[in-house]
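Novice: Going line by line, the protein sequences match chains U and Z.
Residue numbering for the first sequence follows numbering that gives the first Met the number 0, starting at 0 and increasing by one per position.
Residue numbering for the second sequence follows numbering that gives the first Met the number 0, starting at 0 and increasing by one per position.
Don't read these hints as lab results, they were simulated from the structure.
Among these hints, one or two may not hold up.
Here are the simulated BS3-like cross-link-like pairs (lysine-lysine), alpha carbons at most 27 Å apart as the crow flies [as the list claims (entries may be wrong)]:
| hint | chain 1 | residue 1 | chain 2 | residue 2 |
| --- | --- | --- | --- | --- |
| 1 | U | Lys104 | U | Lys30 |
| 2 | Z | Lys10 | U | Lys104 |
| 3 | U | Lys180 | Z | Lys18 |
| 4 | U | Lys180 | Z | Lys65 |
| 5 | Z | Lys18 | U | Lys186 |
| 6 | U | Lys16 | U | Lys104 |
| 7 | U | Lys30 | Z | Lys65 |
| 8 | U | Lys121 | Z | Lys11 |
What follows is the residue order along each chain.
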Amino acid sequence: MSHEYIPEIATDRDGNKHEVQGWQDDFYGGKLGFWLFMFTEVLMFGAMFMVLAYYNTLHPEAFIEASASLNRLLGGINTVILLVSALTMGLSLLKMRVGDVKGAKLMIWATILLAIAFLVIKGFEWRAEYNHGIFLMHGEMLPESGMAFGKKLFFGMYFTMTGIHGFHIIIGIGLMIWLLKRINAGKVTPAHHILHWNIALYWDIVHLIWVFVFPYYYMIGAGGVAGGH
Amino acid sequence: MDTNNTTIDYKKERVAYYKVLVGLLLLTAVTFIQPHLFMTESTFLAQMTIAVIKAWLIIMYYMHLKGDSLIGVMGIFSLVIVATFMVIVIGFDVANFQFGAESHITGPASAGVEHATPVQH
């Protein structure tokens, strides 16, 4: 069976038809499409926050006590790391846009290192919690254990949401390495940088999710039970 | 609207990035001191308010939504949809959950140390 080439046709505002040579220059379309993807991320994490809020209304005191037992120092360090990484990623895009490709690549590498640091710290945190018997389907989290049910719900959501967030960080590292390869191959340039723009947006949404994950899990118990809701 | 052809004022944009960074760092510091300093009776509300301000800074400046009305309207529309469902689910459905007594989740907390002293992990 032969495959006949059928050109894609775009029509301009005056009704003239043109054969499409490529969509690489459709900067706004590329950005808009990525924003649509990010809204699906908001919906996914929004649903998880809804579940969290529901459980919280059922077991407010257990949630505050469980939150107070998390390591706020490590959580805070990770918050600052993500914050600085958002800056380095933003600066990498800015440098790309003004033509400083080498500077842009350096900033992407800085972002990758910060992302790895985030994961390492998160790993230490999870390890400490595991050693205390707090992990999904393990020790204190098992149905027969004596831990308060509200705390089980809290920690179950904590591992689920920080785990999915961590998975997004890993994907982000992969995307940044791919971006570096595309820059080296000359496929992403100061004139065609939509891929860079969208990966920077992805990194911002990962940061944005943490902006809400951190206070909800680590800080609501900082004032003790008297802190209330 | 940003396009590939937009003229970029590198210094101005870089300064804006650093200003936002300082703002976010200050707000993070406020996050830590808030439970001991202000709104101590409503930590959750205070923390979420700070988070919303941080999110606004990130969306407007790091995600370049400032001046991009189309995506901005889309964002607000999506958030309104999520908020509406949240109100319906939490405010009406959950508040009037008719199987609360039989549900494992909504039932009374199981035996255990419900109010034990928190232990740092």
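Novice: Would you mind marking each hint as holding or not holding in the structure?
Specialist: Here's how the hints hold up against the structure:
1. U:Lys104 with U:Lys30: 21 Å, holds
2. Z:Lys10 with U:Lys104: With a Cα-Cα distance of about 19 Å, the restraint between Lys10 (chain Z) and Lys104 (chain U) holds, given a limit of 27 Å.
3. U:Lys180 with Z:Lys18: 31 Å, violated
4. U:Lys180 with Z:Lys65: 30 Å, violated
5. Z:Lys18 with U:Lys186: 32 Å, violated
6. U:Lys16 with U:Lys104: 39 Å, violated
7. U:Lys30 with Z:Lys65: Holds: Lys30 (chain U) and Lys65 (chain Z) sit about 14 Å apart, inside 27 Å.
8. U:Lys121 with Z:Lys11: Violated - the C-alpha atoms of Lys11 (chain Z) and Lys121 (chain U) are around 35 Å apart, more than 27 Å.
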